[in-house]
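S.K.: Taken in sequence, the protein lines are chains A and B.
Every number in my numbering is 2 more than the matching position in the first sequence, counting from 1.
Every number in my numbering is 13 more than the matching position in the second sequence, counting from 1.
Possibly wrong hints are sitting among the right ones.
As the list claims (entries may be wrong) - Some chain A residues judged to face chain B by a derived CB distance under 8 Å, without partners named:
{"#": "1", "residue": "54"}
{"#": "2", "residue": "58"}
{"#": "3", "residue": "76"}
{"#": "4", "residue": "79"}
{"#": "5", "residue": "80"}
{"#": "6", "residue": "85"}
{"#": "7", "residue": "93"}
{"#": "8", "residue": "95"}
{"#": "9", "residue": "99"}
{"#": "10", "residue": "103"}
{"#": "11", "residue": "104"}
{"#": "12", "residue": "109"}
{"#": "13", "residue": "112"}
{"#": "14", "residue": "114"}
As the list claims (entries may be wrong) - In silico negatives: residues of chain A with every beta carbon more than 12 Å from chain B:
{"#": "15", "residue": "40"}
{"#": "16", "residue": "51"}
{"#": "17", "residue": "64"}
{"#": "18", "residue": "71"}
{"#": "19", "residue": "77"}
{"#": "20", "residue": "82"}
{"#": "21", "residue": "92"}
{"#": "22", "residue": "96"}
{"#": "23", "residue": "119"}
{"#": "24", "residue": "150"}
{"#": "25", "residue": "161"}
{"#": "26", "residue": "226"}
{"#": "27", "residue": "232"}
{"#": "28", "residue": "235"}
{"#": "29", "residue": "240"}
{"#": "30", "residue": "241"}
None of these hints come from the bench; they were simulated from the model.
None of these values were measured; they are calculated from a predicted model.
Glycine is no exception: its CB is placed at the ideal position from the N, C-alpha and C atoms.
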Amino acid sequence: MLEIKNLHASVGGDKPILKGLDLSVPKGEVHAIMGPNGSGKSTLSYVLTGRDGYEATDGTILYDGEDVAGMAPEERAAKGLFLSFQYPVEIPGVPTLTFMKEALNAQRRARGEDEMSAPDFMKTVREKAKLLNISGDMLKRPLNVGFSGGEKKRLEILQAAVLEPRFLILDETDSGLDIDALKVVSDGVNALRSPERGMLVITHYQRLLDHISPDVVHVMSDGKIVASGGPELAKELEAEGYDKYVRAA
Amino acid sequence: MVAVKETIADVKRLESDKYKYGFTTEVEQERAPKGLSEETVRYISAKKDEPRWMLDWRLEAYKRWLEMREPDWAKVNYPKIDYQDIYYYAEPSSGAKYESIDDVPPEILADFERLGIPLREQEVLLGVAGAAETAAEAREKPRVAVDAVFDSVSVATTFKAELAKAGVIFMSISEAIREHPELVKKYLASVVPTSDNYFATLNCAVFSDGTFVYVPKGVRCPMELSTYFRMNAEGTGQFERTLIIAEEGSYVSYLEGCTAPMRDENQLHAAVVELVAMDDAEIKYSTVQNWWPGDENGKGGVYNFVTKRADCRGKNSKVSWTQVETGSAITWKYPSCILRGDNSVGEFYSVAVTNGAQQADTGTKMIHLGKNTRSRIISKGISAGRSDNTYRGLVSIHAKAEGARNFTQCDSLLIGDQCGAHTVPYIECKTPKAQLEHEATTTKLAEDQLFYARQRGLDEETATALLVNGFVREVLQELPMEFAVEAQQLLKVSLEGSVG
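Use the sequences and the hints to build the structure in full.
M.R.: Spelled out as structure tokens, the structure:
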């Protein structure tokens, strides 16, 4: 589903961060990328979703067999690529519901589908918000403004649930969460697992993977994947740290 | 290179398509001789069939104006205006006011229709424009009475008869001078004195048309009132004069909308608006100003030099100014409140958008004279392109205004890196028993917000519009519903092409 080959990318035009990254995530699988700070994990998430200033300088990003590297962020979004942000951005004055409705209908229009009616939209959101313990009051407030870290992360997952992307990238979704919030968010993510959907879980710590168990774990260091294995690899990293891989790279 | 040329052509098309009100209506017109002189003043007064006292009043203003100097303190730049190179009066030649809507030249009716302003009352009632609407929906649709001003004359005023039943006088100021001279004499220039400022004095000498509203004691005006100003004739200034009086315990909500054709020259719009609110009366005044802003390089566009002031004369009276300013090459206006009555309230909600080479210097003055008077100022400035946007405001608390309170919030949003935002708040306080709060922020439309919205599927223009609407939400909420939707659209169109 996602095929990354020899991906090179630099930030701000000159500083190389990704240095020949290869990664393949088949449909229906959950892959985790672990790595020390500065290994290029967040850069990877931005390059995949097309943020300005994060350009791929070499290699290919095939998504469903199509090279998405030159596409605008909104085109990639309409094709079903979703990024759950490490630091969700505050959008003052725009109620959460309005934002989600605009986004959903923009994606639908781009795909040539009919817009969702207001009653259907409300019904969908209410059902999904309930699972994530998000109140109606929160949905009326401007998106992410004054929300706690946990609330913001729950709203990221709610947006994923409403937009129903085909591929999810979770960037440090566990950061800033206490144990209870981690449980709610992980349950939300697990509810989205499906044979039709791929996921890439980027994390620094093992603890998120106790809740969302990955099919494959990759270790990233200095802009490359340096090791891959089963869930046991995450446990090993937790016990021994990244030293071995940092040195290897 | 071919591709580049095509792109440039595309962009050009986009630019001129953006302003959808830029068309000109072909209608025969009659104009005053070019230039300003005593003759011009007499010509206008004669055209309006005015009584002697009105002509004398105009002539006196004209004499004063000759002695005055054009102010230069605003943060705007423009070449010196040649007052002899302007037409001060233009009317469709088939006569000034039409007895019935059927007498209005079809070109003008079509013009207003194209602007979305229906002048036939039954159309407004039944909403014939939207055929799908059911009768029930039409009934629920709020009705708006319209005074339509085309260049220097009011061409139609709707719902006059129905409003008269409620005792509300709603007519053009030219008619009011003839039909209600006692009211006009009593209130005209009672808020903005003849000699108030250069442009106001000029307006006194040559004002052409505008709206007169009188709401009697205890009456809640049964519908929204509005004036639609349209500048059509070439080389012509528009000198609007509006006077609204709300007697004790009455309420009125009034809206004004403005558009003009695209022309290479600069056109002058120098208006005076006066509001008087007596005891327990409330006036809500909303503006959506969309005069032609000129092209990308600052060629053409309307100079919008306007004096708007409200006198909260009675105790517990209230005036709210809400404005959405997206048009004009230069905007220079400060809708103000004199809070004379004890416990009176003044509010100013403003969104000013500048793009391209536009310049805006706008804000408000809140003059607290009475005890326990309160004022609230919410100003949202948005600058894009190479434009300059200044908030200039005065909060003045006089010695007797014990217990006065003011809250001011000025937020500026910058889009791109070639525009400017400036905030110039003046505060004077002559009593220790007052409370003033001032908050100001300046932010740049953030790349991270844009990316976040685009990652969720919104294209750059839509994302920008959404973020900007979020920024101005507090103000748009103050507008009547139909206008709020229009204003949102207008913001989107005004800012098209300002990112990326």
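S.K.: Confirm or reject each hint.
M.R.: Results of checking the hints against the structure:
1. 54: holds (7 Å)
2. 58: Check failed: Cβ of residue 58 of chain A comes no nearer than 16 Å to chain B, outside 8 Å.
3. 76: Since the shortest Cβ distance to chain B is 5 Å, the answer is holds.
4. 79: This hint holds: residue 79 of chain A lies near chain B, its Cβ roughly 4 Å from the closest one there, short of 8 Å.
5. 80: Because about 6 Å separates residue 80 of chain A from the closest Cβ in chain B, which is inside the 8 Å limit, the hint holds.
6. 85: Holds. Min distance 5 Å.
7. 93: It holds, given that the least Cβ distance between residue 93 of chain A and chain B is near 6 Å, below 8 Å.
8. 95: holds (3 Å)
9. 99: violated (13 Å)
10. 103: violated (11 Å)
11. 104: Since chain B brings a Cβ to about 6 Å from residue 104 of chain A, closer than 8 Å, the hint holds.
12. 109: holds (4 Å)
13. 112: holds (7 Å)
14. 114: With a minimum Cβ separation of about 14 Å from chain B (threshold 8 Å), the hint on residue 114 of chain A is violated.
15. 40: About 20 Å separates residue 40 of chain A from the closest Cβ of chain B, which puts it past 12 Å; holds.
16. 51: violated (5 Å)
17. 64: holds (20 Å)
18. 71: Per Cβ check, residue 71 of chain A is outside 12 Å of chain B; nearest 16 Å; holds.
19. 77: At about 9 Å from chain B, residue 77 of chain A fails to clear the 12 Å cut-off, so the statement is violated.
20. 82: At roughly 10 Å from the nearest Cβ of chain B, residue 82 of chain A sits no farther out than 12 Å, so the non-interface label is violated.
21. 92: violated (8 Å)
22. 96: violated (4 Å)
23. 119: holds (16 Å)
24. 150: At roughly 18 Å from the nearest Cβ of chain B, residue 150 of chain A sits farther out than 12 Å, so the non-interface label holds.
25. 161: Since the minimum Cβ distance to chain B is about 7 Å, residue 161 of chain A lies within 12 Å and the statement is violated.
26. 226: holds (25 Å)
27. 232: Residue 232 of chain A is indeed farther than 12 Å from all Cβ atoms of chain B, at 31 Å.
28. 235: holds (29 Å)
29. 240: holds (30 Å)
30. 241: Holds, since 35 Å exceeds 12 Å.
Of the numbered hints listed earlier, those contradicted by the structure are 2, 9, 10, 14, 16, 19, 20, 21, 22 and 25.
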